[in-house]
Every structure is written in C-alpha cells, then in structure tokens.
Amino acid sequence: MKPFAAIIARDVRLALRSGGDWLTLVLFFVMVGIVVPFAIGPDRELLARLSPGIVWIAAFLSSLLGLDRLFRADHEDGTLLLLRAADLPMSLVVLAKVIAHWLLTALPLIAATPLLAVMLAMDMATFLKAVLSLLVGTPALVALGAVGAAVTVTIRRGGLIAPVLILPLAIPVLIFGVGAISTGPGPDQSGTALLLLAAISLIVAALSPLAAALAINSSED
Amino acid sequence: MSIESAPGENWWTRIAHPGQFVAWSRRLVLPLSIATVLLFALGLWFAFFNSPPDYQMGDTVRIMYVHVPTAWLSQFVYGVMAVSAIGTLVWRHPMADVSMKAAAPLGATFTALALYTGALWGRPTWGTFWEWDGRMTSTLVLLLIYLGIIALWRAFDDQLRAARIVAIFTLVGAVNIPIIKFSVDWWATLHQPASVFRLDGPTMPPSILTPLFIMVFAFTFLFLVLHLIGMHTEVRRRRVASLERRLAQKGAA
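First to last, the protein sequences are chains C and F. Residue numbering for the first sequence follows full-length UniProt numbering, beginning at 1 and increasing consecutively. Residue numbering for the second sequence follows full-length UniProt numbering, beginning at 1 and increasing consecutively.
Isolated chain F, as found in the complex (with noise of 0.2 Å):
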C-alpha cells in the first residue's frame, strides 16, 4: 500500500497523514492561485488608477497598498505559526510541524518587506528612513525572533525532535506579537495609531480603504499559496530524507 493510499477515517486523520494532507490540498493550488492573481490585479488597478492621491503625502500613500498588507502578514504569519506550535505541543500534530516550518521564511520575508516599504514611505512624508520608535523597533525584534526561529530550524539535524524544541521557542517568542499590536498606543512617538479597525470606525475615506482591503486579502492569498507549496515541499523533503536513510540502511547492513 502506497502511502497516498492509506486509509483516512475522518478529516482529522486527513489533515494529519502527511501524504493525504498533499492529495487533497494539491488540489487547492491551482485556484488559490488563480484567486491570487485575480485579487492583485484587482487591487493594483485600484492603487495605482482609481484611488486619489493623498491630500498631504500625495502619491506616496500608494505605498500604503503594499505596507500595511505586508505589515499585517508580518504578525498574521506569527499567528499561524504560535497556533501550529500549539498543534504541535499538544496533538503532536505532524502537519503541525511543517506549517511551523514552512511559515517561518515567509514571515520574515513579509516583515523585511514591511520595514523596507516603511523606510521608503517614512522619507519623503516623516523626512527620514528609520527611527527608533515603538512600532518600528518591535517589528524590527519581530524580524530578529523569525531569523533566531529559521537558525534553530537549521541547527538541529533530526527534524522531528527540532519541532518540539522550535514550537517551544515560537511561543515564547509569541510575547512580541501584542507588543506590537499596543506599541503605536503605549509609545505614541511617530507611526501612527491604528487607522482601519477602529471602534469608532477607520479615519479613511472608502475610495483609500477599499484598494487596501483588496490589497490585503491579494498578499493574505499569496501568503496562502505559498504556504502551501511550502508544506508540499517540506513532506517530500521529508520523505526523501527517510528513503534516503532507508536506503544507507540497506547499503550498511
């Protein structure tokens, strides 16, 4: 019996079984993909052609369109990665495993995107491409904590044991993540305060906020996409790391 084949009683042990989690969520590629694109083109018409420019900054507040979707990622990623690392340590969920994994570069990938757009934005419109304020600083502690994550990933040569330590670590690191989210409240220095989800409701005008709502679910599907080509990708580096030490077996004995 293959290993695509084996039997799957119910969803959970199909979440769970490494190569049924591929067969079926091989499938959702392709429209996530489609939805992907469809969603950019979308949202990077109405940035770039049928939004007004900004009263003060101007043109510049279509850097918007990428900074807050990616900044939002920066800490969505941690959130799946802090609840993965509880599916780990709890259910010892195998699957677990390889979202925590495969979600770490993405992060901080969308981090490092968010600081560079809010270092090419903070200059023309604050005068200055970095400062050491509160918002700035944790996301910058933010990017730190994914590159420590993806060293230890790194560091262990058995993948299985690294998963428990790393997921450890992940929620650890998770204190980070409303630091952040109250830094623009407990420091107010420079980055403004939350702006779109507001009890009394976003301070922008709909022909801004409805660009970067697009804008936002565009990279929240990419993030999808890739999240899950990454998660293919690591079971079968799995699973050509286990035929390969079969294999040595053999050859030794």
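Extracted from the complex, chain C is given alone in its bound form (with noise of 0.2 Å):
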C-alpha cells in the first residue's frame, strides 16, 4: 500500500510544485460552457434545459485535453522504465496514476461547477445532480482516458491520437451522465441512469488498469 500512496503523493505534489497545468484546465471547462451561450444565445430557459449536456460536453473536452499528461512525461524522463521494475504490478501503478490524475484534472473540475450553474441558469436540484454525476462518472472518463494514453505513449504526436480513440469508447459515459441530470420528457429516471453510470465507472476502473498496464508493458519492450 505503501509504493501505491507514495505514487500518488508523488504525482500530485508535482503537478502542484510546476506549475498551474490542472488550473489551465479548469480554465479550459468554465471557458467552454462560457462560449456556449454566445453561440445559441442567451435563452435562459433554453439554457437551463441545455445546462446538463453543456457540462458533460465541457467535462469530457477537458478529459480528452489533459490526457497526454498521463504518461508521457514519465515515459520521456525514463520513469516508467524504473516503475516497471517495480514491486508494485504495473496495472497498480497505473491505477495510482489514474486516482492521482482524477484529483488533479477532475477534482477541480467539478469544485467550478457552481460557476457554470449560475452562468447556464442551473437550478438548485439540477446543479445537485450535475455535481453528483460528474462526481461518479469522471473516474470512468479517467480511467478509459488512461488506456488511450497508454496505447500511445511512445508514438510522437500521440496527444492526437488518444482522444480520437477514446471518444467512441466514452460514449455510454455521456449517455448516462446527462440522464443522471435530467432525462429529458416522461418519467424520471435519473436514479437509474446514475446507477448504471456508477456501474460502468467501477467496471472501467477496474478494468482498464490492466489493458494500460498491458499496452505500457509492451510498447516500453
């Protein structure tokens, strides 16, 4: 247990120590449900329908921008090479890594909520549920962000790449995510949906440590 706090400890004090990359992103997500307005008009109530799907576009854009962030630091400075001598199975590290990156990308994410809220005309409930489903869906986003960073690690312009391969697996994610807000016209099902969207983060946290570890393990060769 030891190796595994220690690298988590070790990844967020360095993102904190060099630099305001996680504050970039943040910036980053108020920006983009800042820019939607401008772009279907200020409609409050339009808006405030729109409000759930606006923050899971926004949420799953800053997702995909802070992916290559993952790996590809420790793979260029060698890190990797030493974290695969490691005691610690290589699929632990990596879900070290994935905890580490969820606190430091969509953490602060979801503590900027309540700005998006007011500017998209949220109510209270929404803005309750919103918090609550970002708050049980970002992991899977991580977690399958993760693969996609693994499986790219060594390509050169990889930053590319991985979201253009993890885009079509997160779909179910968004899907879920915004039903957990709000489920449009009929009867309300968000309990369910937030409760399949809880279910596919643990099955993807679970998961996708091992395929990243896999593909780290193959392409460090």
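It is worth saying that the hints were derived from the structure and are not from the lab. Treat the hints with care, since some could be wrong.
[Stated by the list, open to error] Derived list of chain F stretches under chain C, where covered just means 3 residues or more per stretch with a C-beta under 8 Å from a C-beta of chain C:
#	segment
1	139 to 147
2	156 to 164
3	168 to 182
[Unchecked claim] Partial selection, computed: residues in chain C whose CB lies under 10 Å from chain F:
#	residue
4	S18
5	A150
6	S218
[To be verified] Computed beta-carbon distance windows for the label pairs:
#	chain 1	residue 1	chain 2	residue 2	range
7	F	R237	C	A125	56 to 64 Å
8	C	A5	F	V90	33 to 41 Å
9	F	N10	C	K2	45 to 53 Å
10	F	V175	C	L103	40 to 48 Å
Don't be surprised by glycine CBs; every beta carbon is placed ideally from N, CA and C.
Both chains come to you apart, so use the hints to assemble them.
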C-alpha cells in the first residue's frame, strides 16, 4: 500500500509544484461553458434545458485535453521504465496514476461547476444532480483515458490520436452522465441512469488499468 | 536459402511463416475469387429478378440484400480482428499481426456501406435517413472505432511494435460488438429486432431468405478474397521495408 500511496503523492506534488497546468484545465472547462451561450443565444430557458449536456461536454473535452499528461512525461524521462522494475505490478501503478490524475483534473472541474451552474441558469436541484453525476462519472472518463494514453505513449504525436481512440468508447459515460441529471420528457429515470453510470465507472476503473498496463509493458520492450 | 523455401515442419509453422503463408495461400485466391463472382451473379439474379417485392415496402426491400450482408460483415470483420489480436498477444503470431492490419480498412468500408445502405433504405420506409436509434448509434460507434484503429496503425513507425498495442486496443473496443447485437432488444426504438436467427425460426418467407443467404455468402467470400490479398500485400510491404532498412545500413557502413 505504501508504494501505491507514494505514487499518488508524487504525481500530485509534481503537478502542484510545476506550475498551474491543472488550473489551465479548469479555465478551459469554464470557458467552454461560457462560450456555449454565445453560440446558442442567452435564452435562459433554453440554456437551463441544455445545461446538463453542456456541463458534460465541457468535462468530456477537458478530460480529453489532459490525457496526454498522464504517462508522457514519465515515459520521456524514463520513470516508467523504473516503475516497471518496481515490486508493485504495473496495473497498480496505472491505477495510482489514474487516481492522481482524477484528483488533479476532475476534482477541480467539479469544484468549478457552481460557476457554470450560475451562467447556464441551472436550478439548485439540477446543480446538485450535476455535481453527483460528475463525481460518479468522471472516474470512468479518466480510467478510459488511461488506456488511450498508454496505447499512444510511444507515439511522438500521440496527443491527437488518444482522444480519437477514446471518444467512441466514452459515449456511454456521456449518455448516462447526462441521463443522471435529466432524462428529458417522460417519467424521471435519473436515479437509474446514475446507478448505471456508477456501474460503468466501477467496471472501467477495475479493468482499464490492466489493459493500460499491458500496453505500457509491451510498448516499452 | 530464400525465404520461400525455408523448411516448414508442420501446419503451424506453415501458417506462422510469412513467406510460406503467402506461398500456399496464393493458390487460394483464384478459386475463392471465382466462387465470389459466381455467388454474386447468382445472388444478384435472385435479388433483382427472382424474389418478390415486399407487400409493404415494395421494391425497396431489395436494398436488404446489400444492407444485411454488409452489416453482418461489419461485425464479423471485427471478430476476425479480435481473434487475430488474441493470436498476436498470446502466441506473438506474425501472421495474426498482418491479418489484423489488413482487416481494419475492410471492416471500416463494410461498416460505412452498411450505414449508407441503411440510410438509403430508411428514407423510403421510415421517412428518415438517420435516427439516433440504438443499433444505428452503436454501428456508428463501431465505424469510429475502426477509424481510430486505422489511425493508430498509421501513427506507428515500427509496425512490429504497433501490432501488440493495436491488439490491446482492438480487444478493448470489442465491448461494442455485443452492444450492437443486443441494441435492438435493449432499446426498441426503430430498427427491427433479429429476424433471421431466432429460436422460433426466421420471420421471412424462403423466397426472400434464399437470395439473402446467397448474398451474405457472396459478401463474406468477397471479404475473404480481399483479406487474403491485403495480407499478401502487407507481407510484401514489410519485406520491402526491411530490405530498404538493410540497404540503408549497408550504405551507412
């Protein structure tokens, strides 16, 4: 458990001390939310209805944007090679890095959601549901992203390929993430959607470190 | 000793050795091509002249004879890729790499054709080219996965290293296949549920089922021929690349 926690602590410390990359990501997240009203007009009713989708799209794009940061630096300075020689299996190393990445990229976004809620004219109930849905759903995004980042870690221009690979696989997260906030007309099924979202998150978080570790091990040969 | 005449001890090495694989499978291309042409001739004749128009859809039902085979292949090709991916990861089988790479563009093409013919068929019967229905959406996702895999292959300089990475991603993307299969049962929106392979027998009359089956076989044979030729091309492309590398090393030394 100790090396596992050490990797998380190391990644968080590195990110916090080496400038505000994670703050830039929050800025991007908020900006997407700000730009949308310019595109569709400042109609408060329309914005309120679209807000679940807008919040999720903003989170989706921000998490894709940060993907490349997951393994690239460690690959380039050789840390990944050293981690392969560690006692900790690679899949647990990946899981630790996924948790650190979630703390650094997803948690700040969720903390910034109130800002978007005000600008997109969300009511209180929708806002709380949005926070809950992001909390439950973003681990799946980050874990899926780890597979994309691991697969492209040795490609020099991999930053562009990883989002293209991961985007189609992440569609269910988007569907149930938005569904957990509002299901549109008809009976309210947001509770069911939230449970399904939690199931996806748990399955993806459990399995994707294995696939990502396999990819890292075979690309560092 | 040239690469073609290297000794092959059993069928496994004969499959695994690229040169030997090309040597024995090249003989299959001509008979398979002839079978494909014959099946297409028979199937198209049935489809256009010897099958009745549907009592509701009229002649547009004939689109099915292209739509169903391409849709079937869009998933079958992914199955071929997934099995090859296991071959790459478990046995490091060199021909599995080649098979995986040659199948990806074919699968993408068949998926695009299935979506295209589906749109053409949907317009007169459902009144829309596109609807965000479960099966259409999941097939579109399949197309995106195919395109992602092709992009991933092209991003690597070293194709030997690429194979294992692409294989891992192919297996991750395979979760979409059961979703496509069961999409019509989970979200009963617009696309009809399974109508050929059912426990209580197909829901179509034999007059429509016969040409459908012939066309499915014709398209499957077409895929086999194209896949074999694609694999041969890939083997030669790799040999050219390695010869060029050797030549460059000699020039540098």
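Structure-based check of all given hints:
Evaluation of the coverage hint for the segment 139 to 147 of chain F: fulfilled, as 4 residues show C-beta separations to chain C shorter than 8 Å, against a requirement of three. For the segment 156 to 164 of chain F, the stated coverage by chain C holds: 3 residues have a C-beta nearer than 8 Å to a C-beta of that chain, and at least 3 were required. For the segment 168 to 182 of chain F, the proposed coverage by chain C is satisfied: 7 residues have a C-beta within less than 8 Å of a C-beta in that chain, meeting the threshold of three. A cut of 10 Å between beta carbons decides the hint on S18 (chain C): the least distance to chain F is about 27 Å, and the hint is violated.
The closest approach between the C-beta of A150 (chain C) and any C-beta of chain F is roughly 8 Å, which is under the 10 Å cut-off, so the hint is satisfied. With its C-beta approaching chain F no nearer than about 4 Å, S218 (chain C) sits inside the 10 Å limit, and its interface hint holds. Checked against the hint of 56 to 64 Å, the pair R237 (chain F) and A125 (chain C) passes, with Cβ atoms roughly 59 Å apart. Between A5 (chain C) and V90 (chain F) the CB atoms are about 34 Å apart, so this pair conforms to the stated range of 33 to 41 Å.
Checking the proposed 45 to 53 Å range against N10 (chain F) and K2 (chain C) shows it holds: the Cβ atoms sit about 50 Å from each other. Between V175 (chain F) and L103 (chain C) the beta carbon distance is about 27 Å. The supplied range of 40 to 48 Å is therefore violated.
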